[in-house]
Amino acid sequence: NAGVTQTPKFRILKIGQSMTLQCTQDMNHNYMYWYRQDPGMGLKLIYYSVGAGITDKGEVPNGYNVSRSTTEDFPLRLELAAPSQTSVYFCASSYSIWTQETQYFGPGTRLLVL
Amino acid sequence: QKEVEQDPGPLSVPEGAIVSLNCTYSNSAFQYFMWYRQYSRKGPELLMYTYSSGNKEDGRFTAQVDKSSKYISLFIRDSQPSDSATYLCAMKSIQGAQKLVFGQGTRLTINP
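Quick note, the sequences are listed as chains A and B, same order. Start counting the first sequence at 11; every next residue gets the next number (this note's numbering). Start counting the second sequence at 12; every next residue gets the next number (this note's numbering).
Dumping the calculated BS3-like pairs for lysine-lysine here, alpha-carbon to alpha-carbon at most 27 angstroms:
| # | chain 1 | residue 1 | chain 2 | residue 2 |
| --- | --- | --- | --- | --- |
| 1 | B | Lys-110 | A | Lys-19 |
| 2 | B | Lys-13 | A | Lys-67 |
| 3 | B | Lys-81 | B | Lys-13 |
If you want the footprint, here are the derived chain A segments under chain B, 3+ residues with CB under 8 angstroms:
| # | stretch |
| --- | --- |
| 4 | 50–59 |
| 5 | 115–123 |
Keep in mind that the hints were calculated from the coordinates and are not lab data. Glycine is no exception: its CB is placed at the ideal position from the N, C-alpha and C atoms.
Start from the sequences, fold in the hints, and give me the full structure.
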């Protein structure tokens, strides 16, 4: 299994541009998450999904959109990039959200908005 | 007040030392406590998991939870240079959507 994969690894965007961060998992996990990590800060949840067709907002959803058309894929969309969205983005997945089920993280996408 | 507080460090110790990493929290509903290890330019990976209060040991790592004080710790014995990483505490409640809440992470360097 490849686990959780993310593309691209690094991207530079200009203010106002849009892009989609891709996330795919091959573990047949129902639950998927998008986090952002700013320097010296922990991970903050942007959006999560409990299954295909079902998504919900996390702690910092403004400026982002998600969709979940399949179990495997959970893309994150930035419509109008702003410097405040410069961050490292991590996608994660888990079989369930109950009890001790661990979240498996992808390698991250580094985004720089100039 | 942040729900989870963690000293960001950085923390630098010599090889072989005992390392203590700590987090405090304010939400008494948290029941599940985790420590993630994150190497530079990598995603976090689960290191230790503890439910409610008590200790859990796994090799050189020991996780402690004191719910009465809202305080959790991770101890690393006989620290190795390969332990150099950022350590993130995370916790979640048994209620609702059980979203993980992370601390800021502590950057640890073990010097040979």
